[in-house]
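J.: Residue strings, one per chain:
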Amino acid sequence: MNGLLVLNAGMFATIQDRGRYGYTHLGICHSGAMDEYAYLCCQMLLNNHNHNAIELMTGLKLQATAQIQIAITGADLSFKINGISQPIWQTHQIQIGDILSFEKRISGQRAYLAVKDSFVLEKKYKSYATTLKENIGTKLQRGDFLVCIPSISYHIYRVVSKIQKHQSPLILRVLLSYQESYFSKKMKEKFFNSLYEITLQSDRMGYRLQGQAITPSTSDIISEGIAFGSIQIPKDGQPIVLLKERQTIGGYPKIGTVLPIDCYKLAQADIGSKIKFEVIEITEAQKKLLTFNRYFKAYFI
Amino acid sequence: MTLHISSVDTLIIYFEKSISPNILDQVQRAYRLLRPIEGVIDITPSYNSLLIQYDIMLYDYQSIQNIVRKTLVTDSKDTTIVSYSNKLIKIPTQYNTTVGIDLERVAKINNLSIEEVIELHTQTVYRVYAIGFMVGFAYLATVPQQIITPRIATPRTKVSKGSVAIAEHQTAIYPQDSAGGWNIIGHTDFNNFKSFKVGDSIQFVSLS
Numbered sequence: 203m204n205g206l207l208v209l210n211a212g213m214f215a216t217i218q219d220r221g222r223y224g225y226t227h228l229g230i231c232h233s234g235a236m237d238e239y240a241y242l243c244c245q246m247l248l249n250n251h252n253h254n255a256i257e258l259m260t261g262l263k264l265q266a267t268a269q270i271q272i273a274i275t276g277a278d279l280s281f282k283i284n285g286i287s288q289p290i291w292q293t294h295q296i297q298i299g300d301i302l303s304f305e306k307r308i309s310g311q312r313a314y315l316a317v318k319d320s321f322v323l324e325k326k327y328k329s330y331a332t333t334l335k336e337n338i339g340t341k342l343q344r345g346d347f348l349v350c351i352p353s354i355s356y357h358i359y360r361v362v363s364k365i366q367k368h369q370s371p372l373i374l375r376v377l378l379s380y381q382e383s384y385f386s387k388k389m390k391e392k393f394f395n396s397l398y399e400i401t402l403q404s405d406r407m408g409y410r411l412q413g414q415a416i417t418p419s420t421s422d423i424i425s426e427g428i429a430f431g432s433i434q435i436p437k438d439g440q441p442i443v444l445l446k447e448r449q450t451i452g453g454y455p456k457i458g459t460v461l462p463i464d465c466y467k468l469a470q471a472d473i474g475s476k477i478k479f480e481v482i483e484i485t486e487a488q489k490k491l492l493t494f495n496r497y498f499k500a501y502f503i
Numbered sequence: 002m003t004l005h006i007s008s009v010d011t012l013i014i015y016f017e018k019s020i021s022p023n024i025l026d027q028v029q030r031a032y033r034l035l036r037p038i039e040g041v042i043d044i045t046p047s048y049n050s051l052l053i054q055y056d057i058m059l060y061d062y063q064s065i066q067n068i069v070r071k072t073l074v075t076d077s078k079d080t081t082i083v084s085y086s087n088k089l090i091k092i093p094t095q096y097n098t099t100v101g102i103d104l105e106r107v108a109k110i111n112n113l114s115i116e117e118v119i120e121l122h123t124q125t126v127y128r129v130y131a132i133g134f135m136v137g138f139a140y141l142a143t144v145p146q147q148i149i150t151p152r153i154a155t156p157r158t159k160v161s162k163g164s165v166a167i168a169e170h171q172t173a174i175y176p177q178d179s180a181g182g183w184n185i186i187g188h189t190d191f192n193n194f195k196s197f198k199v200g201d202s203i204q205f206v207s208l209s
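In order, the protein sequences belong to chains A and B.
Count along the first sequence from 1, add 202, and you get the number used in our numbering.
Count along the second sequence from 1, add 1, and you get the number used in our numbering.
These are computed hints drawn from the structure, not numbers from a lab.
Mixed in with the good hints there might be a few duds.
Chain A regions said to be covered by chain B (calculated; three or more residues, Cβ under 8 Å) [stated by the list, open to error]: (1) 213-227; (2) 377-385; (3) 426-435.
Partial selection, computed: residues in chain A whose CB lies under 7 Å from chain B [claimed, not checked]: (4) S419; (5) T420; (6) D438; (7) T450; (8) I484; (9) A487; (10) K489.
Heads up, the beta-carbon is just placed ideally off N, CA and C, and yes, glycines get one too.
The shape of chain A in the complex, shown without the other chains:
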């Protein structure tokens, strides 16, 4: 068979795509690539249309049983082919027997590995995305085999100008929304003037932050749908930014929502690093997202 054999699954590696939309009424969450920017760059490099990728953290080791064109983007996890360091944010031509490894985290959290014409897998609810708590999708295990269609390309494609730099503090642009009125002017000022720190309790569901406590005037609301990037304020006042694997419904007040393109940066930020929030207005926010969407439009399915 042609494809990639998993020699070591590492810390955490799953199959993802842009997410599973249209099923939240059943409680099925969106899931999908945490850093959609890196994910879409990966597909753009390969000109893939019906696509998926491995979202991986350190430790993943694969062996190819065919000639495959691949692309790697996202976090720098010291990507090597047969033990030799290779650049990322570009395509590579893999030969039969080649070993791909990601041994050490240099910067960022999640890398993406896609193959030309994508891994041959079955969709569930119209998506390849993996959601562990729903038992949907594929979490890689040692010995798994990912079937690919062999491909050869003598061109190397690179993403040059768009590589994201990691800032400190990371500025997250926030649209005040939802229960904004439950937060007094003083609380909002406190929220936007404070530095928050990313805690260890951060995962694909959400990033829990630590810093100045924020108190809403009501601590419980009638449970309602939760948008991507919602900043939920539980009773202890410590914000949680809800990301791809967030619950579909929840009842903590939300001060606003982080712009999706900033959530992708947050998904690559280190534990312990600093966050600062900044207000953005709806017109400006839509403009920013439109620019992103138009850029990647051809790769949206």
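Go by the hints and put chain B onto chain A.
T.: The following block gives chain B in isolation, referenced to the frame of chain A:
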């Protein structure tokens, strides 16, 4: 009915701020009307709200609001009765302080004995008002006034599957291990969570 921006590409519709079968009907009727609109990516219905994600390459926040309003104004003349399956599901539940780690707290906050909490929780026939949070998680209401309890201050990173819990006026069963901030008062081995549908009736039965 009011419309609010909830994120760069979602808006939320709020109906009257309370929990009642009548509002549930309004939500479900609106859900069915809005679902087929082109460019509507996802809709999350809940007790008294609908979260709508739309394609911003087709609509901006103003044009989507106009379309939603127009669709729902037509609805006010719509008298179609929303039909539900209306089945009654009984949930055998263990109530004690070992599995119900917050049972004592719920009793204390409400000045009740543990036995009274159990009695109040089991005497009510609840209705499924929404499915969400995760697959098979049914939001049940309304909890008797005497045992309404706010969520815990810091959500737990792990609540085990089968936990029976209360948050404010609602109760639910965790269908999977997950993070959660509800007060856990008991445990059930019931496992057919996918059978829950909005509108169903649910009653807890004490095993102790």
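J.: Determine for every hint whether it applies to the structure shown.
T.: Status of the hints after comparison with the structure:
For the segment 213-227 of chain A, the proposed coverage by chain B is satisfied: 5 residues have a C-beta within less than 8 Å of a C-beta in that chain, meeting the threshold of three. Chain B is given as covering the segment 377-385 of chain A, and this holds because 3 residues of the stretch bring a CB closer than 8 Å to a CB of that chain, at least three being needed. Check on the segment 426-435 of chain A: 7 of its residues sit with their Cβ under 8 Å from a Cβ of chain B, so the three-residue criterion for coverage holds. For S419(A), the interface hint is violated, since its Cβ never comes within 7 Å of a Cβ in chain B; the closest pair sits about 14 Å apart.
Taken as an interface hint, T420(A) does not check out: its beta carbon lies about 10 Å from the nearest beta carbon of chain B, beyond 7 Å. The criterion of a C-beta within 7 Å of any C-beta in chain B is met by D438(A), whose closest approach is roughly 5 Å, and the hint holds. Below 7 Å, beta-carbon pairs count as interface contacts, and T450(A) has one with chain B at about 4 Å; its hint therefore holds. The interface hint given for I484(A) holds, since its Cβ lies 5 Å from the closest Cβ of chain B, which is under the 7 Å cut-off.
The restraint placing A487(A) at the interface with chain B holds, with a minimum CB-CB distance near 4 Å, inside the 7 Å limit. Interface restraint check: K489(A) against chain B, minimum CB-CB distance 10 Å, threshold 7 Å, status violated.
Hint compliance for this structure: hints 4, 5, 10 are not met, and every other hint is.
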